[in-house]
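Protein chains: 2
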Amino acid sequence: MKLSSKNLHERLETVYDAIVVGGGMGGLSAAIYLARYGLKCLVIEKGKGRSLWMQDLRNYVGLDPHTPGRDILNHGTKTSLDWGADHLRGYVEEVTDEGETFAVKVKVGKQNSIYPVFRSKYVIAASGIIDNLPQLEDMQNVYDYAGYTLHVCMICDGYDMWDQKAVLIANTEGQIGAAFVLNWFTPYISVLTHGLCTVSDKTKQKLAEHGYPLYEAPIAKFLGENHQLSGVELTDGTIVEATTGLVGMGSVYHNQYLKGIEGLEWDGQNLVTNDMCKTSHDRIFALGDLKKGLNQVSIAVADGTLAATQIWRNIRRASPPRKWEENIKVATV
Amino acid sequence: MKLSSKNLHERLETVYDAIVVGGGMGGLSAAIYLARYGLKCLVIEKGKGRSLWMQDLRNYVGLDPHTPGRDILNHGTKTSLDWGADHLRGYVEEVTDEGETFAVKVKVGKQNSIYPVFRSKYVIAASGIIDNLPQLEDMQNVYDYAGYTLHVCMICDGYDMWDQKAVLIANTEGQIGAAFVLNWFTPYISVLTHGLCTVSDKTKQKLAEHGYPLYEAPIAKFLGENHQLSGVELTDGTIVEATTGLVGMGSVYHNQYLKGIEGLEWDGQNLVTNDMCKTSHDRIFALGDLKKGLNQVSIAVADGTLAATQIWRNIRRASPPRKWEENIKVATV
Numbered sequence: 005m006k007l008s009s010k011n012l013h014e015r016l017e018t019v020y021d022a023i024v025v026g027g028g029m030g031g032l033s034a035a036i037y038l039a040r041y042g043l044k045c046l047v048i049e050k051g052k053g054r055s056l057w058m059q060d061l062r063n064y065v066g067l068d069p070h071t072p073g074r075d076i077l078n079h080g081t082k083t084s085l086d087w088g089a090d091h092l093r094g095y096v097e098e099v100t101d102e103g104e105t106f107a108v109k110v111k112v113g114k115q116n117s118i119y120p121v122f123r124s125k126y127v128i129a130a131s132g133i134i135d136n137l138p139q140l141e142d143m144q145n146v147y148d149y150a151g152y153t154l155h156v157c158m159i160c161d162g163y164d165m166w167d168q169k170a171v172l173i174a175n176t177e178g179q180i181g182a183a184f185v186l187n188w189f190t191p192y193i194s195v196l197t198h199g200l201c202t203v204s205d206k207t208k209q210k211l212a213e214h215g216y217p218l219y220e221a222p223i224a225k226f227l228g229e230n231h232q233l234s235g236v237e238l239t240d241g242t243i244v245e246a247t248t249g250l251v252g253m254g255s256v257y258h259n260q261y262l263k264g265i266e267g268l269e270w271d272g273q274n275l276v277t278n279d280m281c282k283t284s285h286d287r288i289f290a291l292g293d294l295k296k297g298l299n300q301v302s303i304a305v306a307d308g309t310l311a312a313t314q315i316w317r318n319i320r321r322a323s324p325p326r327k328w329e330e331n332i333k334v335a336t337v
Numbered sequence: 005m006k007l008s009s010k011n012l013h014e015r016l017e018t019v020y021d022a023i024v025v026g027g028g029m030g031g032l033s034a035a036i037y038l039a040r041y042g043l044k045c046l047v048i049e050k051g052k053g054r055s056l057w058m059q060d061l062r063n064y065v066g067l068d069p070h071t072p073g074r075d076i077l078n079h080g081t082k083t084s085l086d087w088g089a090d091h092l093r094g095y096v097e098e099v100t101d102e103g104e105t106f107a108v109k110v111k112v113g114k115q116n117s118i119y120p121v122f123r124s125k126y127v128i129a130a131s132g133i134i135d136n137l138p139q140l141e142d143m144q145n146v147y148d149y150a151g152y153t154l155h156v157c158m159i160c161d162g163y164d165m166w167d168q169k170a171v172l173i174a175n176t177e178g179q180i181g182a183a184f185v186l187n188w189f190t191p192y193i194s195v196l197t198h199g200l201c202t203v204s205d206k207t208k209q210k211l212a213e214h215g216y217p218l219y220e221a222p223i224a225k226f227l228g229e230n231h232q233l234s235g236v237e238l239t240d241g242t243i244v245e246a247t248t249g250l251v252g253m254g255s256v257y258h259n260q261y262l263k264g265i266e267g268l269e270w271d272g273q274n275l276v277t278n279d280m281c282k283t284s285h286d287r288i289f290a291l292g293d294l295k296k297g298l299n300q301v302s303i304a305v306a307d308g309t310l311a312a313t314q315i316w317r318n319i320r321r322a323s324p325p326r327k328w329e330e331n332i333k334v335a336t337v
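Listed in order, the protein sequences are those of chains A and B. Counting in this note's numbering, the first sequence tops out at residue 337, every number present. Counting in this note's numbering, the second sequence tops out at residue 337, every number present.
Bear in mind the hints are in silico, worked out from the structure with no lab data behind them. Where hints are given, some of them may not hold.
What the hints assert, rightly or not - Between beta-carbon pairs, the in silico distance windows are:
{"hint": "1", "chain 1": "A", "residue 1": "THR176", "chain 2": "B", "residue 2": "ILE332", "range": "21 to 29 Å"}
{"hint": "2", "chain 1": "B", "residue 1": "GLY272", "chain 2": "A", "residue 2": "GLU245", "range": "56 to 64 Å"}
{"hint": "3", "chain 1": "B", "residue 1": "VAL19", "chain 2": "A", "residue 2": "GLU104", "range": "55 to 63 Å"}
{"hint": "4", "chain 1": "B", "residue 1": "GLN209", "chain 2": "A", "residue 2": "ARG74", "range": "52 to 60 Å"}
{"hint": "5", "chain 1": "B", "residue 1": "GLU245", "chain 2": "A", "residue 2": "GLU97", "range": "49 to 57 Å"}
{"hint": "6", "chain 1": "A", "residue 1": "GLU104", "chain 2": "B", "residue 2": "GLN209", "range": "45 to 53 Å"}
{"hint": "7", "chain 1": "B", "residue 1": "THR202", "chain 2": "A", "residue 2": "GLU104", "range": "41 to 49 Å"}
Here a beta-carbon is modelled for each residue, glycine too, at the ideal position from N, C-alpha and C.
Looking at chain A on its own, in the form it has when it is part of the complex (with noise of 0.2 Å):
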C-alpha cells in the first residue's frame, strides 16, 4: 500500500518484518523479496536517490542499455506494491533499537513536516551515497553533462570514454589517482582540480610523466550542446578540450540515522557486512553502496535477495511450524 500523511496512522501500530531505509534498486529487491515471502516490510524513501540521475543503465542483464534509473524505479516500485509491500515518501531522521523492535522517526512533508515512528524487526539499510559534483553557480550548467557525457562511475561508464579527451575532475590528491586506472579506457587525460586541493610535486611529476595535463584553477562552466560535452572553461579562461569526463570528488553516505545504534562496525563510511548483507548488528542489514564492496545495481539487487533470504530464515526458524491440523486430527481420531 502506498502510504502518505494521509493514510500513514494505519501502520503505526503494525510491526513490521522489516523497514527498508531507500527505495532504490536494492531496497527494491529487498522490498519484493521480503513481500513474496509472505513478509510486513515497509520502504522508506527519500526521493532523487543516485539511480534516479542515471541516464543508462548500461551492464544489467536483461534491459536494453538505454533504460533511464527513474524507469526501473518506478517499474519497481509498482511490482513491489503488487506484491504486498508498503512505500512512503519520506526521509529516515533515527534509528533507534529498543530491544525487540526498531523506532524509526520519519519526516513526511517538506512544509507541515510530520514526524511518525514506524516499528520493525529488522531494519534494512539501501539508502545509498550520492556522488558530490563541482559547485558551480549555475548547478544547472553541471547537471546539463552530469550522467550524460560526465560520468561518476569508471566501471559503469568508462567503456563510453573510450580513447576519448577525457577531463578527470578530482578534489583530493587520492582522487587523482583515478587517472592511472582511467588510462584503462583512454590516455587523453586532463585532470581538474576545480581548485579544491593542493597537488604535491611527486604526484605532478607522475601526471607529467604519462602526459596528463594538470589544471588547478577552478571550473567556471562546462561547454557542449545537448550534454554533449566540449569542453570545460576555467575561471583563468583556459578552455580544455574533452568530449567526456570523470567525476571523482567521492560521495555523501546517507546512513546518519544509524549514527546513534551502538555496536555497528564501520570501514569508514562503509558498513561492514557478512555474506548475507548482515552487519555487526544482528538484526540490520545494509545494502549496495553503502557497505564495502562495487557499487553496481547488479550487486545492490543481488544484496537485496542476500538480506530479506536471512531475515526471512530468521523469522521462519523462530516460527511455530503450520500443521495440517485436519489430517492430524483424522490421524488421532
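Following the hints, position chain B against chain A.
Structure of chain B alone, referenced to chain A:
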C-alpha cells in the same frame, strides 16, 4: 561475433582474456562486463540451461514478473554480442591448465561433431545445474507442469504456492525435510517419494505429527490441464489432490570439465569462491548455481559483475599504463 563451425577457425589463434562456460544469467552478465572493460571474451553455451525452463522470473528488479527466462537469455546474448563478446553454441568437454593459458576443448554440432580448442587467460565457470525431475514414461506429461505449477525452487515460487494443496516430490529422506520449510508457504503438503527412497520411522512420525501424508508408490502421471496441476495419480491407483507442487530431487551439476584441474576446492558439487567469485585457482572463477550460495538470478548476475571486474583488475594491473605520448614529447622538448 557469433561463432559457428563455419567461422570459428578465425578465433583459434586468439588468446581470449576470458572464456565463459555457460551463457545463462551469470555468464551473460560476466560477458557484458568483460566486453565493456574492453576485454576479449567467448561465451560457450550448450543450450537448454536451467533459466531457459523458467516460465516466469518474478523477483528480479526491472523486469515484469511474467518475463520468461528464454526472453532474458535471448536479450542478454544479443546485448553482449553488441558490446563485442563472442558466442558459440557448443559443449565444453575439457579444460586444461597450460600455465599462462587454459585450453578449452569444445564439442560443436550434435552430428558430424568437431572438437575445436580455444585458449584464454581466465575461465569463468557459469555452467550451472539442472534440476532432477521425476522420470515417467511420458516425460511430456512432466514438462506440461514443470516450471508452471510444479516448481523446483521454493525461494522463487513459494509465494505462488500459498495455502494451496501441494505435493512435495522428494527422492531422499533428506529432501523430505523440505516439507518443514515449505510449510511456511502452505501447510497442505503431501509428500511423494516416487518409490525412490525408504523413509525411516522417525521421519514418518514427524510427517504424521504435522499432518502431512506420505505416499511411497511411484507416480503414474500428473493430472490437470493448461499447465495447471489438479493432482497426481500414483501407480497403485491413488489420486493425490494438489494444485501445485515442489520437486526436491537434487540437481545435476555441469562441472565435469573442471574435474581434471588440480587444487580446486569443492564443497560437495559446489565450488568454493571468495567475495569476488574467484575459486581456489587464481585464474578460475565460478558463478551462480555452481558456487556455494543462493540459486537466484539476481545472485548469478551480480556474480558475473564481480568475476569480470576482478579479471579486469588483474589484467589492467599487469598491463603497461597508457600514456598521452604527444604531451610527453611536448614536455620534454
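Here is how each hint holds up against the structure:
1. THR176(A) to ILE332(B): 21 to 29 Å: At 25 Å between Cβs, range holds.
2. GLY272(B) to GLU245(A): 56 to 64 Å: 58 Å, holds
3. VAL19(B) to GLU104(A): 55 to 63 Å: Taking Cβ atoms as reference, VAL19(B) and GLU104(A) lie about 58 Å apart, which means the hint holds.
4. GLN209(B) to ARG74(A): 52 to 60 Å: 56 Å, holds
5. GLU245(B) to GLU97(A): 49 to 57 Å: At roughly 52 Å between Cβ atoms, GLU97(A) and GLU245(B) fall inside 49 to 57 Å, so the hint holds.
6. GLU104(A) to GLN209(B): 45 to 53 Å: Since the Cβ atoms of GLU104(A) and GLN209(B) sit about 34 Å apart, the hinted range of 45 to 53 Å is violated.
7. THR202(B) to GLU104(A): 41 to 49 Å: Since THR202(B) and GLU104(A) have Cβ atoms about 44 Å apart, the given range 41 to 49 Å holds.
Against the hints set out earlier in the document, a violation occurs for number 6 only.
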